[in-house]
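There are 2 protein chains.
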Amino acid sequence: MKKTLLTAFLLAPFLAMAQSGNTQDLTQYVNPMIGTAKMGHTYPGATVPFGMVQLSPDTDTIPYEVNGQYNKDVYKYCAGYQYDDPTIVGFSHTHFSGTGHSDLGDFLLMPTTGKLQLNPGTEDKPESGYRSAFSHQNEKAEPGYYRVQLDDHNITAELTATNRVGMHQYTFPEKEEAHVILDLMHGIYNYDGKNVWTFVRVENDTLVTGYKQTNGWARTRTVYFAMSFSKPIKSYGNKDFSEPQVYKGFWRKFDQEHNFPEFAGTKLRAYFNFDVEAGEQLQVKFALSPVSTEGALANMQAEAPGWDFEGVRRQSQALWNKELNKIQVKTLAKEDLVNFYTAMYHTFLGPTTYMDVDGKYRGLDQNIHQAEGFTNYTTFSLWDTYRALHPFFNIVQPKRNADMVKSMLAHYDQSVHRMLPVWSHHANENWCMIGYHSVPVIADAIIKDNADFDVERALEACVQTARTRYYDGLDYYMDMGYVPEDKNGSSVSKTLEYAYDDWCIAQMAKKLGRQELYEEFIQRSQNYKNVYDARTGYMRPKLSDGTWKKEFDPLDTHGQGFIEGNSWNYSLYVPHDPATMIGMMGGKHRFAQHLDSLFTMELPDKYFANTEDISRDGIIGNYVHGNEPSHHVAYLYNWTDEPWKTQERTRMILKAMYKPTVDGLGGNDDCGQMSAWYIFSALGFYPVAPGSEQYAIGSPAVKEARIQLENGKTFIIHTKNQRDKNVYVQRMELNGKPLNRSYLTHSELAKGGELTFYMGAKPNKKQVSMP
Amino acid sequence: MKKTLLTAFLLAPFLAMAQSGNTQDLTQYVNPMIGTAKMGHTYPGATVPFGMVQLSPDTDTIPYEVNGQYNKDVYKYCAGYQYDDPTIVGFSHTHFSGTGHSDLGDFLLMPTTGKLQLNPGTEDKPESGYRSAFSHQNEKAEPGYYRVQLDDHNITAELTATNRVGMHQYTFPEKEEAHVILDLMHGIYNYDGKNVWTFVRVENDTLVTGYKQTNGWARTRTVYFAMSFSKPIKSYGNKDFSEPQVYKGFWRKFDQEHNFPEFAGTKLRAYFNFDVEAGEQLQVKFALSPVSTEGALANMQAEAPGWDFEGVRRQSQALWNKELNKIQVKTLAKEDLVNFYTAMYHTFLGPTTYMDVDGKYRGLDQNIHQAEGFTNYTTFSLWDTYRALHPFFNIVQPKRNADMVKSMLAHYDQSVHRMLPVWSHHANENWCMIGYHSVPVIADAIIKDNADFDVERALEACVQTARTRYYDGLDYYMDMGYVPEDKNGSSVSKTLEYAYDDWCIAQMAKKLGRQELYEEFIQRSQNYKNVYDARTGYMRPKLSDGTWKKEFDPLDTHGQGFIEGNSWNYSLYVPHDPATMIGMMGGKHRFAQHLDSLFTMELPDKYFANTEDISRDGIIGNYVHGNEPSHHVAYLYNWTDEPWKTQERTRMILKAMYKPTVDGLGGNDDCGQMSAWYIFSALGFYPVAPGSEQYAIGSPAVKEARIQLENGKTFIIHTKNQRDKNVYVQRMELNGKPLNRSYLTHSELAKGGELTFYMGAKPNKKQVSMP
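If you read the sequences in order, they're chains C and B.
Here this note's numbering is used: position 416 in the first sequence is 423, and no number is missing along the way.
Here this note's numbering is used: position 141 in the second sequence is 148, and no number is missing along the way.
The set of hints was computed from the structure by calculation and includes no laboratory data.
These numbers were taken from a predicted model, which means no experiment stands behind them.
Here a beta-carbon is modelled for each residue, glycine too, at the ideal position from N, C-alpha and C.
Heads up, a few of these hints could be off.
[Unchecked claim] Stretches of chain C that chain B covers, calculated by requiring three or more beta carbons in the stretch to come under 8 Å of a beta carbon on chain B:
(1) 370 to 377
(2) 449 to 463
(3) 639 to 650
[Stated by the list, open to error] No farther apart than 35 Å at their CA atoms in a straight line, the calculated lysine-lysine pairs in the DSBU-like style are these:
(4) C:K556 - B:K255
(5) B:K613 - C:K255
(6) C:K367 - B:K720
(7) C:K329 - C:K662
(8) B:K494 - C:K274
(9) C:K260 - B:K536
(10) C:K556 - B:K246
(11) C:K406 - C:K147
(12) B:K727 - C:K260
(13) C:K255 - C:K274
(14) C:K367 - B:K769
(15) C:K274 - B:K83
(16) B:K260 - C:K613
(17) C:K260 - B:K79
(18) C:K494 - B:K260
(19) B:K556 - C:K255
(20) C:K329 - C:K595
(21) C:K255 - B:K255
(22) B:K83 - C:K255
(23) B:K518 - B:K595
(24) C:K595 - C:K613
(25) C:K494 - B:K122
(26) C:K662 - C:K720
(27) C:K494 - B:K255
(28) B:K556 - C:K246
(29) C:K182 - C:K329
(30) B:K274 - C:K79
(31) B:K769 - B:K710
(32) C:K758 - C:K517
(33) B:K367 - B:K337
(34) C:K255 - B:K246
(35) C:K260 - B:K769
(36) B:K494 - C:K241
(37) C:K367 - B:K710
(38) C:K83 - B:K79
(39) C:K246 - B:K769
(40) C:K122 - B:K494
Taking the hints into account, I'd like the entire structure generated from these sequences.
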């Protein structure tokens, strides 16, 4: 007791310092290039935390379809940039971070010199188009800043951003005529017909406005822009690349290609010519809006009124430092700092701001709405992010997380289905993946008392969502207690995830005193049992007649009743009730053996071809870290008598799956979920079941971490005897008192304080397992 | 003097009566079927004066292109309806009246019974689709009301409308399952690719919302809707008719065709099923908005909150009677009443309301604007309507005409070109035809003191428009004084019309004391002289080297430097200075002979094929009444010594070109211009040069007309000795005093009073001609 008080006393000045601006330059440890090779699907460009604009180079123009066939190469370009590519096509203003399907890439700008070329050209012949060769030696990426030398045009291009404005700076070493290409045909996951409409007005000799409407992952998506040049346009033009057509002859009855200030169509490229002096810098501001060109212009005027590229860059980096400083860590090696802060950087890339500075945004009904008292966000990759990203936000971004819930509730209000988002971006539900995982996000916020939103309405939205019979097999699930594989594919994954989501609803209902709802949904949460085949010991697809599907290979991922995971992995997906699951699967000892096999077996090669979204490196044995369904699995040892194996495995995964290299991510970062797993695990605990107060204990990889909470408190993690080989927790103290259990609670963390891990090279086999 | 006072005294009680509601049922004389056969291009459906909704049957689905070739049959369907067609495809909610190019036909609804069919079928086999045979015996059209029996489905369909809401009533004689088809692929002047996007939400079991975006005559056009059924939908669905495509596979991962409340795409048809009892009436309200589905719904709630079809019909007809009663006429025959009030009906069909009940509307910049203190209008067919329609509005609709000018100024403010509208509809400039004829509309309003708008700003807008060098040959016109045919086609028509428009600017400048502008534009207004070839006596295309174009056939319409008129007709186009023109062309006598030839020559057949937009009946000799450039021509005799020929010709044209039959219009009604010519001429005067105070005197066809002015005054026209053969004006009295001239001024008219024509069967050859 005495010691605790002393500690608190000693901490007081340090806390004060942290609060009053003991801000370190942590951006130095962030390397935005990490994940840009292979399957990470991150982008290296400029953005601010949760920013609307992601201004980043795109290195090729790979269409989704070629000759009516799916083009599998498109997948590499989910974030527009592939590290191994030798050319840059240009800089577009919207990108997803780490997704496994894609969209966006709006409004590609490319500065060129020499002959005006309006096609992008090809990678092997960059001189055949406006694209340029570049080399990584002449490339630099920092939070909020990106620079590259465009070799073919002898231009240094620099990028920075505010929330809603991308800012370009092009330096021309020679006096010549320069062109800025605005390619409205460019896009990520592009295909013929994706551009529904584009519309451009040259408002005056420095200002251009317009919009682009696409039919892609978001089916009905419109982005507006306002683009401003730092010097007057000398001349300009546009070209329509669409097929000749009788009707179009009616238009353009006089020259509307040259210096004609209005053009519209589906396949347009525009160019703007400037005379530049040797050494001259041309700046371009490019503001976005989900509402209107008027909104985009207001965003520009509010956020980047002047022509101070360096100022915007500094401001952007300051925003990053503010967020990154929410956790100050000490590590054994610098590369761990790079891993840690790059992970934090990745977690703060989304969800993204989706409203104008005046609070207006486009809703799912395509009408314009006003965000009253909250920031409206989009890019909800919820099947991924409910697991660790939103729980992480409940620690370091509770205000933003509550606003994200408010954004989901606005989505619900606007949804004609009366459903919370499944996977939504830019005023669209794209129905990607399965489940209704807005529910655990909301439950986690409510259970962790970070519910600065209307909780009754939130519960209502969750219940209504969970009762949408026509949604993806829910009718069968509600009527039969499972999704029958012959009626609806990926049926086991759906049954398991619905059951977990239902448990989350039950937890909220319980907390809010809604006993009837609690009963209904705690009952539904047991449905996972209906797809457990005791004979094989696996979760297994069941048919509508109640029999098991005959053909069954628990190692195969495809066509087996699962999605992004095989039965081996997915059979462990009962995050809300591991104890019962373990009992069902043969008890603690047998279950621990099962986990051991998962991590150590040799997966036959034939199964790799079928494993989505991850590189060969994303698999350890048969444990697939590169996809999400197993993210809690290493922590399940805590429910056996061998919690020390959680410690061992998680430290091993941290090393194996996260490297401070361009190809360092073992799979898609998935909007920060992979990175959030890193942060939690590096801190030594993990939210196995969001919607619960509990964090399962792992093994901290940091030496020390100071988590600055928004309530003014600080939670400090000390790791005694930290070494690479000392992965085993010997004992723990919370605020100086022994912590004899395998979990920490959120309320303990939220109060601030100190958690001390005492580490060692050998397991403490007497550690208390989870109840 | 005494007599004048007495007249005023006697009139007083009658005026009071007229003002206090001596409203006759004049809708009985309106036949909306007039002009629906051949080239009139009118539609027979339901609308209110200047209404946003024009709910009317479409009788076929003729595309603009077939196999990449222009399909000339499309032209017949400018208004969607052709009287000779045996089938009705359905009822769509937007139509132009009388245009010679087209667009719209939005949101086709069709009630059916029997097997659900989602394609329209063909005319020869209506049973092959949802369309239906019908017969004119079972069809009725009145202002604000339309009814037809759909033979194939045994349904009586009735239509009525408010300003922004179309209302349908379908009566089913038998108990059965009924379908309402919503065909989002349908459109007028349709072609593959015209539908840019359509988006639909089934909000609940009676309400559907959505929008349609097209790339047609209006390049970037979006119309929103809200549709409400009087009883709950039993079941519904949608079908996507677009080509299979790899990417689309991503969508619709579960059944989204049946009872799934959200669909979007480019080729969609939807259906809504209802069980109906024998004799049951299903009502549908269909509201439009240029802004949003929210706006459409608010429009519906404001204008048609209930389910009172008959009430809406009565209200619509009351609105018509209110407008039609602005001129109460007595005629020799009932068929003249039908001609007169049908003409008035046609003049009040547009421009059309283009804003929601809250004043919001879409601007040319595609942003949402608020109309402050005026009604925003669209559908400005200005090349047609500046001639007589807007001058007519300056008499009977000055408030609306001022709002139309305000709408044009809003267009100007939003135009990236800083130009007033040329031909605009639905937030688009479509650049149709030539000139900048917003200018005469504005000038006419200012000169006639109907300028309840910012006149300085209006003048500025006119000047700015007239100085847009890149617009359609204006650079040459400004630099060389004419448009050279080798640089820009239809060069003579353009030169002549620019010159007239410039004169209008000069008149405004003069009135507003802007001497410098007056000088500049009065100078430009003389440019018509630069294309007069004294050797041939015709206006003739000149080349950029100053020589006349060699090949020249003044009878031919095409490729001769003119548009919608040959040189014979267009050479008379100097409305602002007929006296000088007549002098230039050889003096009064020779000019009158020239006019005589125009009306009496026999035009060789080969020239008819080249004459646009009019039927064979639309030509008298070589005088083309069916197109606009000659509309002032019959009045030019007033500038010769033979004004009585104006009287003779105009009475002849009234008889020949306007008949109370379905094919009674000699050419496109052109948004009311043809009809406005009728009204003016039937009243006995015509605005030869809008922008001038003067109306040239013709020969009244009415026996009496009481024109109710908005200032509370009444202007009465008496025609003494009116007979069909008494076409010659013997003398006139204005307010009892002899009027010894060939014109009336607007200010005389605006004061109220009485104009008495004394008619006879022989010309008064001593009549005073125009100065």
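Status of each hint after checking the structure:
1. 370 to 377: holds (count 4)
2. 449 to 463: Not satisfied, violated; 0 residues make the cut.
3. 639 to 650: With 0 residues close enough to chain B, the hint is violated.
4. C:K556 - B:K255: 29 Å, holds
5. B:K613 - C:K255: 29 Å, holds
6. C:K367 - B:K720: Cα-Cα ~49 Å, so violated.
7. C:K329 - C:K662: 27 Å, holds
8. B:K494 - C:K274: Within the cut-off at roughly 29 Å; holds.
9. C:K260 - B:K536: Since the Cα atoms of C:K260 and B:K536 sit roughly 26 Å apart, the hinted pair holds (cutoff 35 Å).
10. C:K556 - B:K246: With Cα atoms ~33 Å apart, C:K556 and B:K246 stay inside 35 Å; holds.
11. C:K406 - C:K147: 32 Å, holds
12. B:K727 - C:K260: Since the Cα atoms of B:K727 and C:K260 sit roughly 52 Å apart, the hinted pair is violated (cutoff 35 Å).
13. C:K255 - C:K274: 13 Å, holds
14. C:K367 - B:K769: 73 Å, violated
15. C:K274 - B:K83: 31 Å, holds
16. B:K260 - C:K613: Status holds; Cα separation ~27 Å.
17. C:K260 - B:K79: 20 Å, holds
18. C:K494 - B:K260: This hinted pair holds, its Cα atoms lying about 12 Å apart.
19. B:K556 - C:K255: 30 Å, holds
20. C:K329 - C:K595: Judged against 35 Å, a Cα distance of about 44 Å means the pair is violated.
21. C:K255 - B:K255: 27 Å, holds
22. B:K83 - C:K255: 20 Å, holds
23. B:K518 - B:K595: Holds, at about 30 Å.
24. C:K595 - C:K613: 31 Å, holds
25. C:K494 - B:K122: 28 Å, holds
26. C:K662 - C:K720: 31 Å, holds
27. C:K494 - B:K255: The hint holds at about 21 Å.
28. B:K556 - C:K246: Given pair B:K556, C:K246 holds - Cα atoms ~33 Å apart, limit 35 Å.
29. C:K182 - C:K329: 41 Å, violated
30. B:K274 - C:K79: The given pair, whose Cα atoms are some 28 Å apart, holds under the 35 Å limit.
31. B:K769 - B:K710: 18 Å, holds
32. C:K758 - C:K517: 23 Å, holds
33. B:K367 - B:K337: Judged against 35 Å, a Cα distance of about 42 Å means the pair is violated.
34. C:K255 - B:K246: 28 Å, holds
35. C:K260 - B:K769: 50 Å, violated
36. B:K494 - C:K241: Distance ~25 Å between B:K494 and C:K241 Cα, so the pair holds.
37. C:K367 - B:K710: 61 Å, violated
38. C:K83 - B:K79: Distance of about 49 Å is beyond 35 Å: violated.
39. C:K246 - B:K769: Roughly 65 Å separates the two Cα atoms, so the pair is violated.
40. C:K122 - B:K494: Holds, because 28 Å separates the two Cα atoms, which is no more than 35 Å.
Of the numbered hints stated above, those contradicted by the structure are hints 2, 3, 6, 12, 14, 20, 29, 33, 35, 37, 38 and 39, listed in ascending order.
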